[in-house]
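J.: Each chain, written out:
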Amino acid sequence: MNAAHLLIELTVFVLAVFVGLEVISKVPATLHTPLMSATNAIHGIVLVGALLVAVVALPTLGPVLSVVVVFLASLNVFGGYVVTQRMLSMFKPREDKK
Amino acid sequence: MLAAANAPATQLWIDFAYLVTGVCFIMGLRYMNTPKTARLGNTISIAGMAIALVATGILLDWAAGWWIVLVGLGAGAVVGIYAARAVKMTAMPQMVAIFNGCGGGAAAMVASAEFLKLNPQTSAVPLDLAITSVLTAIIGSISFTGSIIAFLKLQEVMTGRPIVYPGQQVVNGLLALIAVAGLVLVTLNIDPLPAFFASLAAALVLGVLFVLPIGGADMPVIISLLNSFTGLAAALTGFALGNNVLIISGALVGASGTLLTLMMGKAMNRSVANVLFGAFGSVKTGAGGPATSASGGTVRESTVDDVATMLAYARQVIIVPGYGMAVAQAQHSVRELADQLEKKGVEVKYAIHPVAGRMPGHMNVLLAEANVPYPALFDMDDINPEFPRTDVALIIGANDVTNPDARNAPSSPIYGMPILDVDKAKQVVVLKRSMKPGFAGIDNPLYELPNTSMLFGDAKASIDKLVSAVKTL
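Protein sequences, first through last, are from chains A and B. First residue of the first sequence: 1, per the numbering used here; consecutive thereafter. First residue of the second sequence: 1, per the numbering used here; consecutive thereafter.
Just so you know, not all the hints are guaranteed correct.
Within a straight-line C-alpha distance of at most 25 angstroms, the following computed DSS-like cross-link-like pairs (lysine-lysine) qualify [to be verified]:
| no. | chain 1 | residue 1 | chain 2 | residue 2 |
| --- | --- | --- | --- | --- |
| 1 | B | K344 | B | K36 |
| 2 | A | K92 | B | K349 |
| 3 | B | K343 | A | K92 |
| 4 | B | K344 | A | K92 |
| 5 | B | K465 | B | K349 |
| 6 | B | K460 | A | K92 |
| 7 | B | K349 | B | K460 |
Don't read these hints as lab results, they were simulated from the structure.
With these hints in hand, go ahead and build the complete structure from the sequences.
T.: Right, here's the structure in full:
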């Protein structure tokens, strides 16, 4: 990796930050807890990184830590999404008055 | 393993899949702009994650590591799904904290693996990789141990009160210095391996120590901040691995966490630095000069029947829930009371302060769980003009966010904090266990106003009594 490559990645990062700020600022306060747990699940994408360093012939971290890193990231992804979905299913509009 | 000729083309497709994932995450968050479309948004986000994982699967050495996927991924999925289904909504902040810590810890470990793979003992580490991987390890570690402490505090395994000791700032400053010094040494290729581990150790300890002095009511800020740390760590992992999907996702999360952190700070009229270093609510005995004289005033105690009558014959009632409501598990009873009142033609609205509860938006989730329709939930800015037109403001387990001193008394420690203007309602009813002050440890002159009446007792018991009293009217 060289400086030019690093700059391209930095560009991607900075633009994504601006997209993030733009999108997140439109989320109403009512949904801030689900938003937080949804973004929590999204940073579970580190699972991709965990798999890439763990599931190779000779993992740098050794077998035990490799399992641990995949476990942590996987817990983050699955727990995060399931709890977000559970919360969001509770938000209901006003029912018709009987 | 892939044939060498195929490898570039395959990598191109994988990178394309990662781009789709990034788009899914952005669209998923975009659809969270209304409760109606939020579930769809989360589903799109899940689809994006699935695409990234399948694409990554192509790159893995399954023959060597299939069991790591089976055990690690499998156990993570089982534990994660079980915990996510079992957790009570009141415990949501600690659940989010622990998932956040897992992500931070994983990011730190991935970065460490990348760093160690470079063989820093024998060969010089490229500058860009040195900076990104060591920085990821530092931020991820702070997020990891910090989240664990936040979890323990919220779960009340350890005290929720601030833990302070002399020289706390100095110790934290030194630890931060060690972490940065390690980073600098690695970039200069001076003893990179010991320097790396020194950074890592300092960051792990710093994560513990910087959350210790944070009090319970400041948790919304800390949870948001830790969330943005993990986002940043994930993005930096992307730099270290040269992986765009990690960079994009991490940037989104970092932006979200930062925005929420600033919002929470603003809602408490305190800078983030003040939250981190202020140890708010620890010892307030010395500062209470003029405040104690106010506590000598008289409060009017009311009865269940009086309050029930007042509520039933009102045109509009605004319910102001606080963390006390959640502690008493009273949200379902509150909803029942609102139902009864609506049957009698009373308009019922809920006023939610941004920092009510232990994380941003916590109160909304608790009320949604109790089947309160979300159009009845109002933000502070939307509901405040309504109070002068409101017959009864019913305050359940909220204190500091209703304190008029924040508006009127420049000497008050919470002066300038935006509050709910409940004192402008025609009648104010406060449900409270006792006259004990709130988290900030200050008296609330609201309780001595002539239009305020107090109903003492457990919030849930009081509301249940109110429900049956309203029914008989």
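J.: With reference to the structure, classify each hint as holding or not holding.
T.: Against the structure, the hints come out as follows:
1. K344(B) - K36(B): With Cα atoms ~29 angstroms apart, K344(B) and K36(B) exceed 25 angstroms; violated.
2. K92(A) - K349(B): holds, 15 angstroms
3. K343(B) - K92(A): With Cα atoms ~20 angstroms apart, K343(B) and K92(A) stay inside 25 angstroms; holds.
4. K344(B) - K92(A): Roughly 23 angstroms between the alpha carbons, so the hint for K344(B) and K92(A) holds.
5. K465(B) - K349(B): holds, 20 angstroms
6. K460(B) - K92(A): holds, 23 angstroms
7. K349(B) - K460(B): Answer holds: K349(B) to K460(B) is near 19 angstroms, not above 25 angstroms.
Figure legend: structure checked against the earlier numbered hints; the only hint not met is number 1.
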